[in-house]
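Chain residues, written in single-letter form:
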Amino acid sequence: MSLLSVENLQVHYRTGAGPVRAVDGATFSVAAGSILGLVGESGCGKSTLGRAIMGVLPDAGRIAGGSVVFEGRDLVALTEAQRREIRWRRLSFIPQTAMNALDPVQRLRAQMLEVLMERGGLARAAANDRAAELFRMVGLDPVRLADYPHQFSGGMRQRASIALALALNPALVIADEPVTALDVIVQRQVLDVMRDLQSRLGLAMILVTHDMAVVAYACDRVAVMYAGIVVESGPVREVLERPLHPYTMGLTHAFPDVHGETGELVPIEGSPPNLLHPPTGCRFAARCPFAQTRCHEQAPPAVTEGEHMVACWRADEASALRTAAASPATWAAVVPA
Amino acid sequence: MRAARAAWRFLRSEPFAFVGAAIYALIVVTAIFADKLAPHDPREILRVGRRVARYLPISPEHWLGTTSSGRDVLSQLIWGTRSALQVGLTAAIVVVAIGTLMGLLAGYLGGWVDKLITRLADIVLSMPFLPFMLVLAALTTPGTTVVVACVALLLWPNTARVIRSQVLSLRERAWVEAARVTGCSNTRIMFVHILPQVLPLAALYGSVAIGWAILAEASASFLGFGDPDTISWGVMLQEAYANQALGRGAWNWFTPPGLAIVSMVLAGFMISRGSEKLLFPKLADK
Amino acid sequence: QPAGDPVRTLVLLAQPQAALPQEYQAAELIAAAWRQLGLQVQIRPLPSQQFSQIVWYERQRWDTTTWQMVGRPERSDPDELTYNLFLSANIANGYNFVGYNNPEYDRLANAQREELDVAKRKQLMIQAQELVNRDQPYGFMVHPKNVVAFNKNVWDEKSIVDQAGIGARNTWTWLSIAPLGAQRDIILNSVSTPTNLNPFNISGAQGSWAAEITWDRLMRIGTDGLPQPWSAEAVTRPDPLTVDVKLRAGMKWSDGRPITIEDAVFSLVAPGIGDKSPMYKPFVANIASVTATGTDTLRITLKKPDAAFLVSSLAKLNLAPKHVWEPIFQSLQGKPETAESVMESTPVSSGPFRMVKAKLNEEIVLEANRDHWAAPKAARWIMRIQPNTEAALGALRSGEINFLADYNGDPQILRDIAKADPKIKIAEALDMGFKFIAYNHRRPPFNSTPFRQALSASIDRELLAEDAWGGAAVPSNSWVSPALTFWHDQGIEKRVPGGNVEAAKKILKDAGFVLVNGRLHYPAGVKETTAPFQ
Amino acid sequence: MSRSGFLRLVAERLGFLVLTVWITTTVTFLLFRLMPGDPTLAYLSPTFNEETRTALLRSFGLDKPLWEQYLIYMGRLLQGDLGTSFLQRVPVSQLLADALPNTIILTLVALSIAYAFGIVAGAFLAFQRGRGIEGFAIPAALATRSAPEFWLGMLLLAGLAFQLGWFPTGGAVPPGSNLGGIGDRLASPEFWRHLFLPALTLVLYLQGLPLLLMRATMLEVMNDEFIVMARMKGLSRWSIVMRHAARNALLPVVTAFALGLGASVGGNVVVETVFAWPGVGRVLVQAVQGADYPVAQGAFILISVVLATMNTVADLLYAALDPRVSVGARR
Amino acid sequence: MSAVIEARGLGKTFRTGRRTVHAVQDVSLAVSAGEALGIVGESGCGKTTTARMLLRLEEPTAGQVIFEGEDITHRRAAALLPFRARAQLVFQNPFDALNPRFTIRRTLAEPLRNFGIPEAEHAARIDAVMGRVRLTPASAWLDRFPHELSGGQLQRVVLARALIPGPRLIVADEPVSMLDVSVRAGILNLLRAARDELGLAAIYISHDLALIRYVCERTVVMYLGRIVEEGPTAELISSPRHPYTRALVAAVPVPRVDQDRAALPIRGSLSDTPQGGTGCAFRDRCPHAMPRCEAEAPALREAGPARRVACHLEEGAPS
Ligand SMILES: Nc1ncnc2c1ncn2[C@@H]1O[C@H](COP(=O)(O)OP(=O)(O)OP(=O)(O)O)[C@@H](O)[C@H]1O
Ligand SMILES: Nc1ncnc2c1ncn2[C@@H]1O[C@H](COP(=O)(O)OP(=O)(O)OP(=O)(O)O)[C@@H](O)[C@H]1O
Ligand SMILES: [Mg+2]
Ligand SMILES: [Mg+2]
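Protein sequence lines correspond, in order, to chains A, U, G, W and C. Quick note, the first sequence lines up with residues 1 to 337 if you use the working numbering. Quick note, the second sequence lines up with residues 338 to 623 if you use the working numbering. Quick note, the third sequence lines up with residues 624 to 1157 if you use the working numbering. Quick note, the fourth sequence lines up with residues 1158 to 1488 if you use the working numbering. Quick note, the fifth sequence lines up with residues 1489 to 1807 if you use the working numbering.
No lab work stands behind these hints, which were simulated from the structure alone. Incorrect hints may appear among the rest.
Unchecked claim - Derived CB-CB ranges, DEER-like:
no. : chain 1 : residue 1 : chain 2 : residue 2 : range
1   : U       : Arg387    : G       : Gln1157   : 34 to 40 Å
2   : C       : Gln1747   : U       : Ala343    : 48 to 54 Å
3   : C       : Glu1558   : A       : Val334    : 43 to 49 Å
4   : A       : Ala329    : W       : Arg1394   : 54 to 60 Å
5   : W       : Val1167   : C       : Gly1687   : 56 to 62 Å
6   : G       : Gly804    : W       : Gln1320   : 23 to 29 Å
7   : A       : Glu241    : C       : Arg1589   : 45 to 51 Å
8   : A       : Val334    : C       : Asp1746   : 27 to 33 Å
9   : A       : Arg136    : C       : Arg1507   : 24 to 30 Å
10  : W       : Val1277   : C       : Asp1748   : 56 to 62 Å
11  : A       : Ser199    : C       : Glu1558   : 57 to 63 Å
12  : W       : Arg1394   : C       : Gly1619   : 56 to 62 Å
As the list claims (entries may be wrong) - A few chain U residues facing chain G, derived, Cβ under 8 Å:
no. : residue
13  : Arg391
14  : Ala475
15  : Ala579
16  : Asn580
17  : Gly584
C-beta atoms are modelled at their ideal positions from N, C-alpha and C, and glycine is treated no differently.
Generate the whole structure from the sequences, applying the supplied hints.
Here it is, written out as structure tokens:
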């Protein structure tokens, strides 16, 4: 039984030009105590997904379909009050840009206490102790509780956000690109903190990122999103070593590897489709070197093989495609409009 | 051309800005054709027989009646658009020009230029506007020149501050650096690259400055420092006030110029309010 | 017909509409009339300060301007104006700012000053007025009427007194005005702020209303316009250079001390000591000596005969307590400050009212001096400063004030209000002041008598009185108001054609001025050498 | 912000304030010396002669060379002596001391009400963005801000005082009342009745700014990431709005209040004239009209000082309230 | 081979209020034609500042910049024009690097105009450079505005603008960090091709060693404003000599499941490090810190062919 399971979730944004289908069929699940990596290009709907799970979409956004079952309850069907109960106590969030996510005019202590007292029901003294404990847990000196956010460096802010997210011992933490803005050493340190907490506290986590290497380092499972759709998901090793979706294949070749060979990198030409008017068929078809007529006409269904899910018409030819995908020439042939 | 189309699209999507622009348009048209539209010479002392046609009530002949000195109120109102535009536009242009230039120099050049200009602006900002205008009017000849001069002398810091902070953030944009790398001189960067980016903002401040100037002119006139030679709404109000139009119940004289001022000033506010999305782009996402 | 140069554009200075709406409108009407004569006329409004500066100190510069002389009790004797306005000695720096120069007039003005015989003096005054009518140094416009109003539910109508040339708002009214009910405070308005109240400061129009009842004088101008003893029991003039005064007995200062003959002597000489009282000094300039001749009598010796001395000096100089002011004058020695700006916290005075509070921008409160030999019937005299005329009217209607003392608005509105509101009563009276257009005789063509006559002839005084002053004025053709019945040259205002453009044109034509294409030109051979006003 | 950092800022701003005041007073001095005409003109009367004039000029100290006048003027200014009114012949400082409390009360009361209203209404409108009420409320707020104050004031006066008689037509206290001191006045209902109309006029005029400002900053803040975070934390709406949104949104409004206070002291000129409110603005107008330049100059300096001080206060307030300000922004 | 650009003892000190930041200290490096040099290091270590000084966008407070044999350190802005044409910059954030109100054509024409290239040649040069960055046909792109292009396309335009005046040196500051993973490779390939085909000298800046390794044969590692190690990239990665370089190499994540997840051989964070003092700047975070590190800053020394290291541990080690 998974802690969270998202089933065909759809999130739309109302805009002057019509609805933007930011998330358009996302399916994945997170087991208790495990880390799910959610990768995808900019704008493919990762943050929207995270916010939809938390239930704090902006006014223009709404859940247009699907379900989000968390600890056995469908969050979509809950009332705002019920959802508020769950928030932060069971389900918390680490934002990408901790600077903007912390109230700039309040000291960190106040922000910690607010959560611990208002939501955690602790008395002031107990809350103070807990705040200090949390700070130590993420490797921050508790004296810094007296500081304002702007007095912290990027990595420290991120740690403070993590401490805040852990305040009420949630079961699941959604971390929206928590390390993207950090440089490698700090990134590694933050990831280590998170991994450590996961193993010590049995925390489950969704780690949103666009970096396959981060997923490889920190996650148990991965879900690859493309233009609002989860196109592939499965255990990290499976997906990295035996990708079934051409997009995933492309991604793995687009990365330089610090220790691997220095052969030519393979870019995926073009850019993701406009979610205002998504194409009818497979959304990746326009950039896919293996696209066939069928791909342009009809969206591929998700197929699951063991724990490995993929949405591609040519999934069964995957190993052949993998070989072809390793060659730059394959990808250079695609000239997107 | 592109700008015109963009402006039109913007107006279409922003009812506030649209109303504001419509009011301005109406005023401009009225001002252009004032001599055709006005039924009488606004300065002419109308007579009834030998006597002055004072305080005539509203009638088909005089849609808004006449003043205590026997002049046609409607005609004055119509001619008032010219002076309003003249005062408003010159003030706005001067404010925008000085403010933008100062803001641009301070923001872009930084260093002592910035210090000097910001300090100067701070000092200017501690000059009380209305009192300063009164004093200046008393020192020189009262009238629209003083109003425009005051608006220009004292109001540029507001525009300059905004432009400066805008320029401060713009100059950090990589494309400004790119311009330097590709050989642009400072002057070219300031006036070719950055200026066009801040002009819309400056224009907004201009539209508010129009309102300021109109109100300033009205207040100066009210306190007796207007230019009685020009026909302006402020002077009309002052005349009405000095001649106790209210006491006479001559609402037909006292209210129209006031409403005209309100609508013109309002138009400026409406435009800048309608442009909120330009100023706070985040709102556009909502 | 041969013609000289066209007459330059003439600039008519005026104070802005905001300051003096009636004058401004009059200027507009007059400019319109002059344009019909073929002149190009421009009205140039100037703020009062610049306006006075130019007219007063740049006497070569301007063409023509509106101006006014206001009525004051001491001007009930026409001497002051007669002497100062037109005497050639005053052309350079004095009040003859138009530059009128006529030896015959100088003779008449000096003669009337020395003539103690009233009948003879009157003759001289009539002659002077005739002369001025002929020369038209000014274009007289109107004598305004004083329009005031009061609440007749509060005050007994019959207790309101009219003073010649001043109207109902006068010292005698403040003394005699009688309450009908519980409200016993005179609450009046003032549109401008009064100035420091002290016995050595001339406090401007509004301030002097308070000063006159706070400080006693040896004489006061009566309701008939003639001086009568006040703090003096008797005043006699045994010869043209001598004045004997007998002080009223039993008077006290507000600090309880008696008023002595020393106080009286001090009050008459103090303004002349040094230059500590510049504004009052002219009024004692003609005094050679003042000596106490007994415990309650004093004698004044004059330097020159002065027919108007009782009016201009004895009825003007305040009685000031010597024990208070002598030390002040001494302490001022060697300092730039004058006695005018000394402020006493509680002024020591002797008048029928006493100062309680003077917040000059808010209100002045006086209370009745019950111990005074002419104690008033009202309890307090409260002057509210209300610059907004409209609001003053509102205050009268709402009962916030019960005496509209200072009204320079449209009289018609006031009349309408009185008609609609039974509690409000208007009192109108002719003022001794007058409004006029000053011609600058230094600048051609204003040096030409026929030209000035023509300009004056074209001014429609009736129209001005009706439309610019809303009927609260009468046509004028003399500096001596018809309100001063005794001195006024009866019917003089009819002796100049009013609003008669045709007559004016004829005068011009006869004097050689020529109309070319509707534009007035100088007589043949005359060049325009005067630069237009800038 | 560190304490010493703040103190340094305070010292720096105060230093600049002194400089500003010095420049303002000097400019004022020069301005007024350029004034055409001389003060003795105010005394024009047929009895006025050359001797009188010289004596008066001497008593005004105008017979000295300009630099000497300047030194005397600055010296006296330092002792709080603003000279003597040309016209009213009383110490300027006394005229101003009588007037300043009235102006301050009027301004503070009007500004407080305007801001209280504007803040609440602005926050409310921020939540109503895009709804029908905006189409009415915003133009209304803007329109009152667009109306000339004297016009608005006259209309109110005509309606509420002349026609209906609900309020007095002018002044600060009833005639002849003993309400001299500020304490007495504040305690008297009559004073508040007199205050009502001028304050209302000002409120109508002033409420637009805080309303629109509050609305705009509120909208901006409500979109900030930390507000979304607060929602994610499951905090109550009240906590979110009051503790996070309003506190952040109020920063510019509070600053605007301080600025507004300074600006209004000079800007009330018109309202004070209409309602015969015995304040500094009216003193100034009268002095300017009457060319009474010690008074005009004194009032002008007083107003500038208040304005400059409030500008400084606004700066410091911002720094005190916003912990981010002291951090030198990285270029 | 003589260096196209050379820095000698370059230093930059910022003063903000009372704080003094030694952003760059004693940096010496040289790049020859056809050579690509990588600069890596933690955020805030002075990479950008160094690059900006090399391009005379920032005034050095110490040292010299020598371009094609000429000292340009103190050249006045007006006299810099020829240098500007020959040393170009590729920006990190393509969304921000183009004037939003200029069409692509105008953007590309701007340097041509500024560097005095006759109008007649513009069209041909623009066409050529658009081909080089593979935005073809040029006519389809030139009249667009930046907001009509994707990130990858924008970065190509940025590159085109850098190439169009025919520079001898290209400096790229984090050229792909703002781009989507899928398009990064394309830009990196273009950069490599441009350098190879045009024989440019190139300097690439990144905190990502993997990326540097892909485009640069030689790399310098900076820490707190100083060069701590320099060497051929492959060697540097396979056998890092400075403790900081070791940590850096270890921290770079790899897209493989089996990887070393051992704790980093480093402590604390950059912001904890005290500035100034006499010792080694890295001492507080160094696992091998010894008393000497406290007392004395290690100099940057030759440590083998084409290698330089600044660490006391390296002293006496075989060169
Ligand atoms: N308020 C909104 N109104 C309309 N469209 C929106 C809104 N917010 C996001 N979108 C669109 O929805 C899509 C998904 O956005 P989202 O922020 O979830 O992407 P993301 O994967 O998190 O991207 P990034 O990596 O840049 O953070 C994008 O195309 C975006 O333009
Ligand atoms: N204008 C400036 N004023 C003050 N300090 C500055 C300025 N520019 C840079 N610094 C400081 O100089 C140091 C080096 O900055 P630099 O931008 O060169 O680092 P970087 O290595 O490029 O970092 P990143 O990887 O974050 O881009 C930093 O500590 C920075 O805070
Ligand atoms: Mg995101
Ligand atoms: Mg950098």
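>> Interface hint check: U/Asn580, Cβ to nearest Cβ on chain G, cutoff 8 Å. Holds or violated?
In response: Status holds, d = 6 Å.
> Does the Cβ distance between A/Val334 and C/Asp1746 fall inside 27 to 33 Å?
Replying inline: 32 Å, holds
> Okay, A/Ser199 versus C/Glu1558 on CB: inside 57 to 63 Å?
Replying inline: Cβ of A/Ser199 to Cβ of C/Glu1558: about 59 Å, so the range 57 to 63 Å holds.
> Measuring from beta carbon to beta carbon, are W/Arg1394 and C/Gly1619 in 56 to 62 Å?
Replying inline: Since W/Arg1394 and C/Gly1619 have Cβ atoms about 58 Å apart, the given range 56 to 62 Å holds.
>> Assuming the hint says 56 to 62 Å, is it satisfied by the Cβ distance from W/Val1277 to C/Asp1748 or not?
In response: About 60 Å separates the Cβ atoms of W/Val1277 and C/Asp1748, which means 56 to 62 Å holds.
> Are W/Val1167 and C/Gly1687 spaced within 56 to 62 Å by their CB atoms?
Replying inline: The hint (56 to 62 Å, Cβ to Cβ) holds, given that W/Val1167 and C/Gly1687 are roughly 60 Å apart.
> Close enough to count: is the Cβ of U/Arg391 nearer than 8 Å to one in chain G?
Replying inline: 6 Å, holds
>> Tell me if the beta carbons of A/Ala329 and W/Arg1394 are separated by a distance inside 54 to 60 Å.
In response: 58 Å, holds
> C/Gln1747 and U/Ala343, beta-carbon distance inside 48 to 54 Å?
Replying inline: Given range 48 to 54 Å: holds, Cβ gap about 52 Å.
> Are A/Glu241 and C/Arg1589 spaced within 45 to 51 Å by their CB atoms?
Replying inline: 48 Å, holds
> Does the nearest C-beta of chain G fall within a distance shorter than 8 Å of the C-beta of U/Ala475?
Replying inline: 6 Å, holds
>> I want to verify a distance hint. Is the separation of the beta carbons of G/Gly804 and W/Gln1320 within 23 to 29 Å?
In response: Taking Cβ atoms as reference, G/Gly804 and W/Gln1320 lie about 26 Å apart, which means the hint holds.
In summary, the structure agrees with every hint in the numbered list given earlier.
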